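Colleague: Next come the chains, spelled out residue by residue.
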Amino acid sequence: MGPVMVGPSSSHTAGAVRIGYITRKLLGEKPVKAELLLHGSFAATGKGHGTDKALTAGLLGMKPDDERIPHSFELAANEGMSVKVGTVTLRNVHPNTVLLHVEGLKGRKLEVEASSVGGGQIKICQIDGIETNFSGECPTLVVHNIDKPGHVAEATSLLAKYHVNIATMQLYRNVRGGYAVMVIECDQPVPPEPLQQLSQMDGILKVTYLNMDTEVAEKR
Amino acid sequence: MFSSVSSMLNAAEKRRLPLWKVILEDDCQERGAGMEDSLRKMNSLWQAMKSAAKNYSPQTRSSSGLSGGDGAKMRSLCPKASVGGKFIDSIIAEALSMGESNACMKRIVAAPTAGSCGVLPAVMIPLAERDGIDDNTIVDSLFVAAGFGQVIACRASISGAEGGCQAEIGTASAMTAAALVSIKNGTPQMSANAFAMALMNLLGLVCDPVAGLVEIPCIKRNVVGAVNAVSCADMALSGIGSRIPPDEVIDAMRSVGDMMPCVLRETGQGGLAATPYGAAAAKKIKEAGT
Numbered sequence: 013m014g015p016v017m018v019g020p021s022s023s024h025t026a027g028a029v030r031i032g033y034i035t036r037k038l039l040g041e042k043p044v045k046a047e048l049l050l051h052g053s054f055a056a057t058g059k060g061h062g063t064d065k066a067l068t069a070g071l072l073g074m075k076p077d078d079e080r081i082p083h084s085f086e087l088a089a090n091e092g093m094s095v096k097v098g099t100v101t102l103r104n105v106h107p108n109t110v111l112l113h114v115e116g117l118k119g120r121k122l123e124v125e126a127s128s129v130g131g132g133q134i135k136i137c138q139i140d141g142i143e144t145n146f147s148g149e150c151p152t153l154v155v156h157n158i159d160k161p162g163h164v165a166e167a168t169s170l171l172a173k174y175h176v177n178i179a180t181m182q183l184y185r186n187v188r189g190g191y192a193v194m195v196i197e198c199d200q201p202v203p204p205e206p207l208q209q210l211s212q213m214d215g216i217l218k219v220t221y222l223n224m225d226t227e228v229a230e231k232r
Numbered sequence: 216m217f218s219s220v221s222s223m224l225n226a227a228e229k230r231r232l233p234l235w236k237v238i239l240e241d242d243c244q245e246r247g248a249g250m251e252d253s254l255r256k257m258n259s260l261w262q263a264m265k266s267a268a269k270n271y272s273p274q275t276r277s278s279s280g281l282s283g284g285d286g287a288k289m290r291s292l293c294p295k296a297s298v299g300g301k302f303i304d305s306i307i308a309e310a311l312s313m314g315e316s317n318a319c320m321k322r323i324v325a326a327p328t329a330g331s332c333g334v335l336p337a338v339m340i341p342l343a344e345r346d347g348i349d350d351n352t353i354v355d356s357l358f359v360a361a362g363f364g365q366v367i368a369c370r371a372s373i374s375g376a377e378g379g380c381q382a383e384i385g386t387a388s389a390m391t392a393a394a395l396v397s398i399k400n401g402t403p404q405m406s407a408n409a410f411a412m413a414l415m416n417l418l419g420l421v422c423d424p425v426a427g428l429v430e431i432p433c434i435k436r437n438v439v440g441a442v443n444a445v446s447c448a449d450m451a452l453s454g455i456g457s458r459i460p461p462d463e464v465i466d467a468m469r470s471v472g473d474m475m476p477c478v479l480r481e482t483g484q485g486g487l488a489a490t491p492y493g494a495a496a497a498k499k500i501k502e503a504g505t
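As you go down the protein sequences, you meet chains A and B in turn.
Residue numbers for the first sequence follow our numbering, beginning at 13 and rising by one.
Residue numbers for the second sequence follow our numbering, beginning at 216 and rising by one.
By construction, these hints were calculated from the structure, which means they are not laboratory data.
These numbers were taken from a predicted model, which means no experiment stands behind them.
Note that CB positions come from ideal geometry on N, CA and C, so glycine has one too.
A few of these clues could be false.
[As the list claims (entries may be wrong)] Part of the chain B face toward chain A, derived, beta carbon under 8 Å:
hint : residue
1    : Q244
2    : G247
3    : M250
4    : L254
5    : A318
6    : R322
7    : I323
8    : P327
9    : L357
10   : G364
11   : P432
12   : I455
13   : I459
14   : P460
[Unchecked claim] With a Cα cut of at most 20 Å, we get these calculated EDC-like pairs of lysine to aspartate or glutamate:
hint : chain 1 : residue 1 : chain 2 : residue 2
15   : B       : K321      : A       : E115
16   : B       : K269      : A       : E86
17   : B       : K269      : A       : D78
18   : B       : K269      : A       : E149
19   : A       : K135      : B       : E377
20   : B       : K265      : A       : E149
21   : B       : K321      : A       : D77
22   : B       : K256      : A       : E149
23   : B       : K265      : A       : D78
24   : B       : K256      : A       : D77
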């Protein structure tokens, strides 16, 4: 049962808000520019379902039950976030998929590809072209690092020290020795200390922590 | 998490607990949460359903212009002039209102989905009002609804894109029927019977929304789901059983969903969506959008 959400479709609306929200978290700063490229059923029926407004609302930091979602375009304009909506044809993806290009206040750019897979649940499929697969449903740690030995051990031992159990873990990289991403889904919320320590380590480029648990009553 | 209705009933019988309690404990175990927390979360869903009902606005229309206002129209029908009478009419009005609120981007509670959000509250709200049922009793029964819904999500699907409307309205109706029996102090087996009958009554229902939008026929199908839940709960309470066991009905629903062609699974290409009216409406909306 649940979530409490703004209609009309759990996948086209609630899921889209989550995608926008997680993208904002991954960017780590306030987005000022966003391009939303809708694919498949998102492109075909996205307008009637308010998918474009929902994604924008998420980028503004709103959650799926926020009653301001239908007015997100006006709110984005007020907050100085420019939004461009278009369509795209992607290969081998879920029918409800969107490709987002966002730019933050401090100039950071990010590309995220995400799918809404039903009942408001989502999947982040790509971050900056690197393949990923996570939902953001449990506390999730996304670590960007240089692809060299030891970083995975550093991250996991820090979590162990703070009694955080790892539910799933995925590792991705663009090329050998290049840019790597690890996605760690946890059973418990991660306290600020290990996040702080991890982000200061050599070779760790960026640490993003997502915890949507406080957001809405989760789907059972 | 229970993967069958039979295992849920067994657990209740073995531990001599009411169904809602077995499901609540299972939920706590699954999420590593305390009972208070689970009850609080479920209560917040119930409160959100009631506020959604209160916030219905008769004037609001969906952005496509296809829906709005019917809940109010139904509400204004004089019970003496109606066939169903006051209680049934209020259920119909509530189901329409909730479905319309959803189409108009207002805040609702997915139960189990947004498209079927009107079924459960449409019966619970008028029933609580008529019989003076307190929030705690309703919240307990929502665990029964959630438990049965979870079994369908696990064995089959609750998504129209995967299993057709039977997976959305059918599931919502079956969950509601089971919960209603528990409110009226029926046995777990009676809840399971109501659930099975409600689901089989809606077996085969396709997902064919006009222009792919959650409006036509989705809003009115919430009415069918709600009224079906009432009849199946009452049948079960009278002692009428389902010949086919609940788990077998779920499996049949899944297999019907698997056989359903793609055009009848939320693509807006078959059934009512493909009627001359449906096609023209879709064309008009598309042109207005570009």
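Colleague: Compare the structure with each hint and give your call.
Modeller: Evaluated hints:
Evaluation of the Q244/B hint against chain A yields a violated restraint, the C-beta minimum of about 13 Å exceeding 8 Å. Interface restraint check for G247/B: the shortest CB-CB distance to chain A comes to about 7 Å, inside 8 Å, so the restraint holds. Look at M250/B: its Cβ only gets to about 15 Å from chain A, farther than 8 Å, so that hint breaks. Look at L254/B: its Cβ only gets to about 12 Å from chain A, farther than 8 Å, so that hint breaks.
Taking 8 Å as the C-beta contact cut-off toward chain A, the hint placing A318/B at the interface holds, the least distance being around 5 Å. Restraint check, R322/B versus chain A: the minimum CB separation of about 5 Å is within 8 Å; hint holds. Interface restraint check for I323/B: the shortest CB-CB distance to chain A comes to about 5 Å, inside 8 Å, so the restraint holds. This hint holds: P327/B has a C-beta 7 Å from the nearest C-beta of chain A, less than the 8 Å allowed.
For the restraint placing L357/B at the interface with chain A, the shortest Cβ-Cβ distance is roughly 6 Å, inside the 8 Å limit, so the hint holds. The beta carbon of G364/B comes within 7 Å of a beta carbon in chain A, closer than 8 Å, and the hint placing it at the interface holds. Using the Cβ-Cβ criterion of 8 Å, the hint placing P432/B at the interface with chain A is not satisfied: the shortest such distance is roughly 14 Å. Against a cut-off of 8 Å between C-beta atoms, the interface hint on I455/B is violated, since the closest Cβ of chain A lies about 27 Å away.
Look at I459/B: its Cβ only gets to about 26 Å from chain A, farther than 8 Å, so that hint breaks. Taken as an interface hint, P460/B does not check out: its beta carbon lies about 23 Å from the nearest beta carbon of chain A, beyond 8 Å. About 30 Å separates the Cα atoms of K321/B and E115/A, which puts this hinted pair outside 20 Å; it is violated. Under the criterion of a C-alpha separation no larger than 20 Å, the hint pairing K269/B with E86/A is inconsistent with the structure, at around 26 Å.
Distance hint between K269/B and D78/A is fulfilled; the C-alpha atoms sit about 17 Å from each other, no more than 20 Å. For the hint pairing K269/B with E149/A, the CA-to-CA distance comes to about 30 Å; that exceeds 20 Å, so the pair is violated. For the suggested pair K135/A and E377/B, the alpha carbons sit about 17 Å apart, so the restraint of at most 20 Å is met. Our distance criterion of 20 Å between C-alpha atoms is broken by K265/B and E149/A, whose separation comes to about 26 Å.
A hinted pair counts as satisfied when its Cα atoms are at most 20 Å apart, and K321/B with D77/A qualifies at roughly 9 Å. This hinted pair checks out: K256/B and E149/A have alpha carbons roughly 16 Å apart, not beyond 20 Å. This hinted pair checks out: K265/B and D78/A have alpha carbons roughly 17 Å apart, not beyond 20 Å. This hinted pair checks out: K256/B and D77/A have alpha carbons roughly 14 Å apart, not beyond 20 Å.
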